[in-house]
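Chemist: Here the protein sequences line up with chains A and B, keeping their order.
Oh and the first sequence: position 47 is 40 in this note's numbering, straight run, nothing missing.
Oh and the second sequence: position 41 is 34 in this note's numbering, straight run, nothing missing.
Please note that a few of the clues may not be correct.
Said to hold, decoys possible - 16 Å max Cα-Cα, derived EDC-like pairs, lysine to aspartate or glutamate: (1) B:LYS132 x A:ASP119; (2) B:LYS14 x A:ASP73; (3) A:LYS69 x B:ASP100.
Unchecked claim - If you want a taste of the chain B side facing chain A, the calculated C-beta under 10 Å gives, among others: (4) VAL(-3); (5) GLY13; (6) ILE52; (7) VAL53; (8) HIS55; (9) ASP94; (10) VAL123; (11) ALA136.
Don't read these hints as lab results, they were simulated from the structure.
Using N, Cα and C, we set each Cβ at its ideal position, and we do this for glycine too.
There are 2 protein chains.
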Amino acid sequence: MSTVKFSFSGESQGISRFVGKARDFQITIDQPPVSESIESNNPCPVEYTLASLGGCVNIVAHHIAQELNINLKSLKIKVDGNLNPNRFVNGDSSERAGFTDIDVQLDVESDASPELLDKWLTIVKDRCPVSDNLANQTKLAIAV
Amino acid sequence: MSTVKFSFSGESQGISRFVGKARDFQITIDQPPVSESIESNNPCPVEYTLASLGGCVNIVAHHIAQELNINLKSLKIKVDGNLNPNRFVNGDSSERAGFTDIDVQLDVESDASPELLDKWLTIVKDRCPVSDNLANQTKLAIAV
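For reference, chain A alone in the conformation it holds in the complex:
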């Protein structure tokens, strides 16, 4: 398969609200829940980051389960991330801007052995696109 280009584009609708589209699908992004003075009616950016990771782990988990003949009866995923807002809010350069750590917890129901589930999890980590982009460096350009 050759390289695929993915896109998202839209327009600012105020200080924090942004409405854009990926293909025909609208995604609305709102204020993070760090200030009660601004209404928040949609997930904030970093919540979409965690959702993209959870959704990606789900797809890769099923794909690798098929390769290893694992029957996944059910799969629940919880993603947590810790972030100190001080660099964003106040320009405090002693903190990094983004999540310091992200934790993905899978709750899986399957007849597969613990050893096979370990192997499955190792491959999932290695082949998950969003995990790769969060765990490792990516060339990122921002321009006017």
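Once you've looked at the hints, dock chain B against the given chain A.
Modeler: This is chain B only, laid out in the frame that chain A set:
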């Protein structure tokens, strides 16, 4: 401000569909558009990654504009990312799993000078949480 914990959790609803919540907000994630055999009714994981980046740049852009007394009359944002699906699909380890590069293009209407907009953009890049997590390494744990 102290560290804030953000969370997203939900349940797999088939091979590719995942429905979860961040606070009270539902986010539904679907199949990437790489196979026509599976219906895709929602954005795919990596599209949410790009959306989280675009939405985060929007919020930080407005926040820094206020600090610098820049009046942003309008702001459009387009985010593109290139990804080779071979590692995910076939386990081809010669490719990385995620985006090789991500490009954020801002279309801004403002009376600010080009020099001030350059300064603004430099600070936006530095203080944007999602930009940080994509450009740099983050500690990521995935466990059953």
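Chemist: Quick check on B:ILE52 please, does its C-beta sit within 10 Å of some C-beta on chain A?
Modeler: Nearest chain A Cβ about 5 Å off; hint holds.
Chemist: Checking hints one by one. Is B:VAL123 an interface residue toward chain A, by the C-beta closer than 10 Å rule?
Modeler: Holds, because the Cβ-Cβ distance from B:VAL123 to chain A comes to roughly 5 Å (cut-off 10 Å).
Chemist: Checking hints one by one. Is B:GLY13 an interface residue toward chain A, by the C-beta closer than 10 Å rule?
Modeler: Cβ of B:GLY13 sits 6 Å from chain A, so the hint holds.
Chemist: Does the interface hint hold: is B:VAL53 within less than 10 Å of chain A, judged Cβ to Cβ?
Modeler: holds (6 Å)
Chemist: Quick check on B:ALA136 please, does its C-beta sit within 10 Å of some C-beta on chain A?
Modeler: It holds, given that the least Cβ distance between B:ALA136 and chain A is near 6 Å, below 10 Å.
Chemist: Using 10 Å as the Cβ threshold, decide whether B:ASP94 counts as touching chain A.
Modeler: Interface hint status for B:ASP94: holds (4 Å vs cutoff 10 Å).
Chemist: Are the Cα atoms of B:LYS14 and A:ASP73 separated by 16 Å or less?
Modeler: holds (12 Å)
Chemist: So if I understand the rule, the pair passes when the alpha-carbon distance is 16 Å or less; does A:LYS69 with B:ASP100 pass?
Modeler: violated (39 Å)
Chemist: Can B:VAL(-3) be said to touch chain A, with a Cβ gap under 10 Å?
Modeler: holds (6 Å)
Chemist: Taking only the CA atoms, is the gap from B:LYS132 to A:ASP119 under or equal to 16 Å?
Modeler: The hint holds at about 14 Å.
Chemist: Next item in the hint list is B:HIS55. Is there a CB on chain A closer than 10 Å to its CB?
Modeler: OK, holds: B:HIS55 within 10 Å of chain A, min 5 Å.
The structure is inconsistent with hint 3 alone, although it conforms to all the rest.
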